[in-house]
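K.L.:
So the protein lines, in turn, are chains A and B. Take 3 as the starting number for the first sequence in our numbering and just add one per residue. Take 132 as the starting number for the second sequence in our numbering and just add one per residue.
I should point out that these hints are in silico values taken from the structure, not numbers from a laboratory. Mixed in with the good hints there might be a few duds.
If you anchor each label on the Cβ, the simulated ranges turn out as follows [what the hints assert, rightly or not]:
| # | chain 1 | residue 1 | chain 2 | residue 2 | range |
| --- | --- | --- | --- | --- | --- |
| 1 | A | G88 | B | T211 | 43 to 49 Å |
| 2 | A | E21 | B | K276 | 26 to 32 Å |
| 3 | B | K174 | A | S16 | 40 to 46 Å |
| 4 | B | D164 | A | E89 | 42 to 48 Å |
| 5 | B | G177 | A | T109 | 42 to 48 Å |
| 6 | B | D214 | A | D98 | 38 to 44 Å |
| 7 | B | S246 | A | E103 | 17 to 23 Å |
| 8 | A | S85 | B | K173 | 24 to 30 Å |
| 9 | B | K267 | A | G43 | 27 to 33 Å |
| 10 | A | K49 | B | I193 | 39 to 45 Å |
| 11 | B | G177 | A | A15 | 28 to 34 Å |
| 12 | A | G36 | B | Q192 | 28 to 34 Å |
| 13 | B | P209 | A | G88 | 20 to 26 Å |
| 14 | B | I193 | A | V110 | 40 to 46 Å |
Ideal Cβ positions, reconstructed from N, Cα and C, are used throughout, including at glycine.
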Amino acid sequence: MSNKPTPRVRVPASAKKDEIIEIKTLISHEMESGQRRAADGKTIPRKIINTFTAAFNGKVFFEATWHPSVSANPYQSMFFRASESGEFAFSWKDDDGSVYESKAKLTVA
Amino acid sequence: MAQRAAQTRRETLIAGMASFAAAAIAPSLALADAAAVEAEIKKLYGDRKAEAGRIKLDVPQIAENGLVVPINVEVESPMTAADHVKSVHVFADGNPLPGIVSYKFTPESGRAAASARMRLAQTQNIICIAEMADGKLFTAKSEVKVTIGGCGG
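With the hints as extra help, turn the sequences into a complete structure.
P.N.:
Next comes the structure, spelled out in structure tokens:
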């Protein structure tokens, strides 16, 4: 899987004020644990997404630190209390320094 | 003579496969234990005592595939500025490394709940510790029986 990780996010497009909404995220990534060995006996170096953050209008409301025991293609769900219309920004930080991002809009009626 | 040679080739092939399998399995032998989890918790919170309760740790009793085990954690809390869950750490006592995930919540989270998927090397305990805004600690523990381990192989 040498393709660039693709994030996928499911967020409701609109919510009532103070409604608690569920957000589901998924990203394609092998999450190489650093525990496996290749056929030649060498350890395959660790390469995982170590941090996931979810922000709304620039303010982080949820953060997850992932360890090597998180499964490949990591799924993460969380909740958010809708207060105003705005934009979500989700980001995944890779061990190699890359950051994968995804955005979603929310309208609060 | 020809038959004899064929046997030798087969033996060589089997021996080769066996050593490959051994190399693939070997790293999973160094596993964490309950003491490693306690050490991690001590590193985070020192000697502070954690009470049981408030955490709903939802993991399967039996996981057929250790590569993808669903885990859902929810902590009871009104999630207001004064009274909310600050963080939740999840550990396992039978994986090569004790840490699984750590979550940071804010009052904007609305509900201190999150779910993910984890790898488990063998049958083991999942230990969860939550810190509240007032500094109180809560803990929960649940055993997962793993049919096929999901590490190293």
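K.L.:
Hints broken by the structure, by number, lowest first?
P.N.:
1, 2, 8, 9, 10 and 11
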